[in-house]
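These are the residues of each chain, in order.
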Amino acid sequence: MRTILCYGDSNTHGQIPGGTPLDRYTFERRWPGVLARELGTGWHIIEEGLSGRTTVRDDPIEGAMKNGRTYLRPCLMSHTPLDLVIIMLGTNDLKARFNQPASEVAMGLGCLIHDIKELALGPSCTVPEIMIVSPPPMLDDVKDWQNIFKGAQQKSHELALQFEIMADSLEVHFFDAGTVSTCDRLDGFHINGEAHENLGVALAREVEAIGWK
Amino acid sequence: MPDMRFAPPNPLRIADRSSGLNAVSVRSHNERLVLSLLLQKSATTRLEIGEQTGLSAQTVSVLVRSLEQEGLVAKGEAQKGRVGPPTVPLTLNPEGAFSIGISVGNRHTDIVLIDFVGKIRFHKTLPNPQLAHGSNHSDFLETIARAVKLLPDAERDRLAGVGLALPRHLSGGMDDEAYFEALQAEIEEQLGIAVFVQNDITAAASGESMFGAAKTQSDYMFFYLGANLHGRLILNHQIYNGNSTVSFDVGISALERKLIRQGKEVEALWDRVGVWPDYGEVISEWKEPLIDQMNDSLNAISQFVEIETVFLSSYAPERVCQEICRKLEAANPNIRASAGNIAGSPKAVGAASLPFSSRFMVS
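Same order as they appear, the protein sequences are chains A and B.
Residues 0 to 212 (numbering that gives the first Met the number 0) make up the first sequence, in order.
Residues 0 to 362 (numbering that gives the first Met the number 0) make up the second sequence, in order.
I should point out that these hints are in silico values taken from the structure, not numbers from a laboratory.
We put the beta carbon where it would ideally sit given N, CA and C, even for glycine.
Mixed in with the good hints there might be a few duds.
Per the computed footprint, the stretches of chain A lying under chain B, defined by three or more beta-carbons under 8 Å from a beta-carbon of chain B, are [claimed, not checked]:
id	segment
1	102-112
2	159-170
3	203-210
The shape of chain B in the complex, shown without the other chains:
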């Protein structure tokens, strides 16, 4: 038996020195731990990583060096503290990885390209692709291929993948999971890009949790205001998807019906630019059942867990969301409600967060 101390070196990661992102298979659990911390916080230090993962300073050093070489992590300037030695912050390199998110909404499909810190580099809204039932999602494939082309050639190998956020009704009553899997396989085979598929509301919740207002929170109720109102419960950073198809018809569709009855122009409601004309009293009338419904959901959940924090995510104008939050707080003094801050298309940004969480974070 040879002395294994002097066996050939067996480096954790260094063997793969290609310039692009490393293959998924070689990313170790510990590396994912470090990246998870960095995706959850905007900046950390090697000391903090060690304290939170239980890894030794030397192991953290090896992991961080390897992530730096891969271009995923950037070292900041040393900061002199009032006491003790200076700290050296670590952050994600915004250019380290990119992701494409696609969300299929009520009428439109949103496509975003985001960088590693969640900044939207490109956002386009297209009419929904027509889904030929059962197979051949050629419109989807074309849309994704267009999105990939947004990335300069040199950055193409830094594309972590495509996230696809699909609403429940798109699967046409089939078992959701089987449908999503078939779609994913088809896209991957034809375009050669890793595709991650998720329910759109869950995706919006992940986006808000990774890049938005909810970044620092671990337990909260997440509402998504689209055509309908949807909810997700987040406990200890985990999004509970549940198996309930429940959504409430108190959302923007309900507002649209009210406005049409009054003969008003409704196109702006579905616009992503985030400005609604002054609709007058109709807005207050619409908000009432919406806030009642949110409050009912919170009351129902309060039987099981105490929730003090609420996030409301929507492509509706931020001002409208903030007003809803204030009213919700007035109706339920135990909670603090905030509007999500992913402008434009929270669902598409959420979709784009999926390749990051799948490839870089611990599950």
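The shape of chain A in the complex, shown without the other chains:
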């Protein structure tokens, strides 16, 4: 049995576009569920999606628990041994309160990659495979969230390139979710059921392409 940890924010949690953090797609419809279905038996998929999660930042409004770096270490330890860690984060780092360019979000992601490598919680204390997934770009109209995400839309288009540069530098797998999915018009930054389906299928193919014995 191989184990994959899916580490992300509300778009991994499966929050329904335009809904509240409590409105969540069922496991079968969320991308980790689609990934599980596509990979079939022999794979154990762990979901770790938290609404509002950032890469490395304590959120002064939502709380320190939204910091993706502090939670990642105990989370990895809880689920070891891990064959693959998929990380899809970055959107929440673009909130106006953090005032960060896309390149700094990528730097934060780099920290998570270093932490995973340092802990080496893969099989037999090896470094697990790591796959960085850049989220699909936000739409221009983010409805009520316009002020919270002031200036984020433009930056969200830069995440894919910045993440790929980081993934290449640190030599980890990379996938651009924007190539198979878009954000839903209802709120402009969450992905809908169709996008979850497409992303789960695409990631399954990426996971297979890594090559496993």
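Please build the complex by placing chain B on the supplied structure of chain A, with the hints as guidance.
Okay, now just chain B, sitting in the frame of chain A:
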């Protein structure tokens, strides 16, 4: 001292996102390793690449992604295995790179344009250019410029270069290497295309090894049947050029002389279309010393290495080559002989393989 883990990212390759082929200088050794495997096999997987290079799955992933973005590598459809997870084959993208090969033969110059998997997209045979001795290879330059024009404008930046295969006698007794280098410099300066020059028989051997019948073999004796018979020894994929100028006058020139003595038409002998008229008994008479010579060469080499595989490459009709191979096998039961399968002009295709091996493979 800052913590270097958090220094600005330093990507392997991704910084260069231009649409064409990347400059030679930025192609890393590891990337060449991956491309070498792909040029040696028709399809592989990321897992196989990792096993054969010792690179981690993540490093292979970065390299392959970059090669995919550059358009050199294509991802295939996942194939479900009987056991275990499906495998995803990787292949070279045929449209990823092109190369022009030019070989100067006894009488004709062959020009081919091949794609990244060795498919001949264009083949033209011209009378030999006249070489003004010492300098000014204007006929060559014109011929190459014509070959470049065969490529549509949009694909022009995917041209890996021009390979030039020259026979030994063209250098007119000068030191081969110095002559080739001078010629190469002149072409590059005037046309602005990277030119790779090699001895023609060695080029034919590289072509057969990269794109032809010898693709899967690592150790074999390679014979080229042109006007004369030439040989090259290949050990562990390396072609041994040697410093010997030896070739044997038992080739197509010898056949031509026999036919002329009998008053027969000989033009078809030098034709690239690969059909000879029925020459009758003359062919068998001609083959005998040819096969004896091949066998002598094999016996001589057998003092040093055991060779079990022989490839015979030629623009002569495939049927003729196959008959020679059968006879050689009958004369020497220890070997398996096969005809090369690069039709038309093995030397020109070999020449075209040079820019690929120089730009994309590990040496």
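Here is what the structure says about each hint:
1. 102-112: It holds, with 4 qualifying residues against the three required.
2. 159-170: With 8 residues in contact (Cβ-Cβ under 8 Å with chain B), the coverage given for the segment 159-170 of chain A holds.
3. 203-210: That given contact holds, which follows from 5 residues of the segment 203-210 of chain A lying within Cβ reach (below 8 Å) of chain B.
Checked against the numbered hints listed earlier, the structure breaks none of them; every hint is satisfied.
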